[in-house]
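Enquirer: The chain contents come next:
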Amino acid sequence: MTAEAVSVPAQPVRRKFTLPNWAYPTIAVILLVVIWDVSIRIFDVKAFILPTPQQVGYALWRDWNQLGPGMLYTIYEILAGFAIAVVVGISLAIAIVSSHIMEKTVYPILVGSQVIPKVAIAPLFVMWFGFGITPKILVAFLIAFFPMVISTAIGLRSVEIPKLYLARSMGASTLQVFFKIRLPHALPSIFAGLKLAITAAVIGAIVGEFIGADQGIGRVLLIANGNLKTDTLFAGIVLLSITGVVLFLIVEVLERVAVRWHVSQRVKYDTAH
Amino acid sequence: MAVSIERVSKTYGTRTGEIFAVDDVSLTIKDGEFVALLGPSGCGKSTLMLMMAGLVARSVGRIAIGSTTVTRPYTDLGIVFQEANLLDWRTVLKNLMLQIEIRGLPPAQYEARARELLKMVGLDGYEQKYPFELSGGMQQRVSICRALVHEPPLLLMDEPFGALDALTRDQLNMDLQDLWMDKPKTVIFVTHSISEAVFLSDRIIVMTPRPGKIAADIKVDLPRPRTMAMRETPEFGAYTKQIRAMFEDWGVLRTERTPAQKLGAVA
Numbered sequence: 001m002t003a004e005a006v007s008v009p010a011q012p013v014r015r016k017f018t019l020p021n022w023a024y025p026t027i028a029v030i031l032l033v034v035i036w037d038v039s040i041r042i043f044d045v046k047a048f049i050l051p052t053p054q055q056v057g058y059a060l061w062r063d064w065n066q067l068g069p070g071m072l073y074t075i076y077e078i079l080a081g082f083a084i085a086v087v088v089g090i091s092l093a094i095a096i097v098s099s100h101i102m103e104k105t106v107y108p109i110l111v112g113s114q115v116i117p118k119v120a121i122a123p124l125f126v127m128w129f130g131f132g133i134t135p136k137i138l139v140a141f142l143i144a145f146f147p148m149v150i151s152t153a154i155g156l157r158s159v160e161i162p163k164l165y166l167a168r169s170m171g172a173s174t175l176q177v178f179f180k181i182r183l184p185h186a187l188p189s190i191f192a193g194l195k196l197a198i199t200a201a202v203i204g205a206i207v208g209e210f211i212g213a214d215q216g217i218g219r220v221l222l223i224a225n226g227n228l229k230t231d232t233l234f235a236g237i238v239l240l241s242i243t244g245v246v247l248f249l250i251v252e253v254l255e256r257v258a259v260r261w262h263v264s265q266r267v268k269y270d271t272a273h
Numbered sequence: 001m002a003v004s005i006e007r008v009s010k011t012y013g014t015r016t017g018e019i020f021a022v023d024d025v026s027l028t029i030k031d032g033e034f035v036a037l038l039g040p041s042g043c044g045k046s047t048l049m050l051m052m053a054g055l056v057a058r059s060v061g062r063i064a065i066g067s068t069t070v071t072r073p074y075t076d077l078g079i080v081f082q083e084a085n086l087l088d089w090r091t092v093l094k095n096l097m098l099q100i101e102i103r104g105l106p107p108a109q110y111e112a113r114a115r116e117l118l119k120m121v122g123l124d125g126y127e128q129k130y131p132f133e134l135s136g137g138m139q140q141r142v143s144i145c146r147a148l149v150h151e152p153p154l155l156l157m158d159e160p161f162g163a164l165d166a167l168t169r170d171q172l173n174m175d176l177q178d179l180w181m182d183k184p185k186t187v188i189f190v191t192h193s194i195s196e197a198v199f200l201s202d203r204i205i206v207m208t209p210r211p212g213k214i215a216a217d218i219k220v221d222l223p224r225p226r227t228m229a230m231r232e233t234p235e236f237g238a239y240t241k242q243i244r245a246m247f248e249d250w251g252v253l254r255t256e257r258t259p260a261q262k263l264g265a266v267a
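In the order they appear, the protein sequences are chains A and B. Numbered per our numbering, the first sequence finishes at 273, counting up by one with no gaps. Numbered per our numbering, the second sequence finishes at 267, counting up by one with no gaps.
Any given hint could be a false lead.
List of simulated lysine to aspartate or glutamate pairs, DMTMM-like, C-alpha gap at most 20 Å [stated by the list, open to error]:
#1 A/163 x B/83
#2 A/180 x B/111
#3 A/163 x B/101
#4 A/195 x A/252
#5 B/30 x B/151
#6 A/180 x B/178
#7 A/163 x B/76
#8 A/180 x A/160
#9 A/163 x B/88
Simulated from the structure, these hints should not be mistaken for laboratory data.
Model the full assembly from the supplied sequences, consistent with the hints where possible.
Expert: Written as structure tokens, this is what we have:
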């Protein structure tokens, strides 16, 4: 190389225009609401077919004494179903991973059972357990539990063999191997399962309420539907969506705290130039 | 720690039939000896090492470390594999301390040893980093420190530098020699690189292609500490030439290849 001074023309640094992450969906939702409002005015859509955003907002305030308690009751069903799904799901995954007999017996049955539509079983639960909270929790649990088992089992099983060799050469007991290696290794997978399970539990609780309920947001929706109160129906759906998103975000925050070290959480390191 | 292997054979049962991996190997390794198990890929040298550690059952024969017959995972040792196998959720220091935690040793005393080891391989200042923040060579250094932190009398290494680039590999060869000379211990080093084996070892056990048998037991009489420059000396060359000739005889290395290819490690 000669020591010739090569002058490289300074490239204009193009700053990419970026917004905070939450801004993107927020702007999109605002845009959708505006389009919604404007098209109703242009095409003169009747309120019982599609109410305006303002009418939905008003209904949310007007019917809050039904919607609020209804939602709270449903959240309780969702969380109960989700909690049982997490406990049973993780326990079953541990059993599947640690015993060949369990794996060969339970796994095919589990997969086979997923073919049965939960909506078809829900009426049975009403016959067995009545119109109370039990059948709703059961349906929420049934839907949420499958992704929980599968994700956890995959996570627990994907530990590299040399890591297990290392643990055994250190004299680790089965419990030590589980808590120091298998479980932390499985955490990213478990959180993937938790995210699927919490959204599934929301669906499960509503399905349960649609079959027959004396309380909950699903019942409020059904009654509003029967009375052609479309604005209340929309208000309920909005409330339900917000609940679903918030529950999902809570799981995601927990994930960010628990598995900061995982590839899926590292994006900020790679792009922070 | 002395290791004795008496008439050990290993047959694997697989879906497509039985694989005869190790054929009637007998070997005595003296306390404090640095021994390389050298052979072409798939010759059963890794299997032999895992059998010594009690992690893989042998089909026939007896293996003893010191006065203990190995019948289950032997714990008074350190192991390094080709991949660093660090735990992603633990910092560098905590990865070393896993060894101490599981063995129930006093943490305060061994943490000092852990920091000292990291310093010896040039990783001081990296104690609180996570594995993903380290290069492959750094990760492998941490993995070596983890195998040494509890000061075992025996170190088993299974192609530890096989996945690294040539320069990093040279550096780690030097580092390993330093660590070994600092605290001498028995090392069994599995490799398929002829020059790496000559550079590091007191003694090279050359194994044949599968089923692995001992083809030669070569004492490497080069002064220590060895330097990278010594690899160009005729004495060093005599050892590599002798071993390469065996590989060529078995057809593991084809002679009609270009000289440039022959200079590299045997793949």
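Enquirer: Of the hints stated earlier, which fail here?
Expert: Hint 6 is the one this structure does not satisfy, whereas the remaining hints hold.
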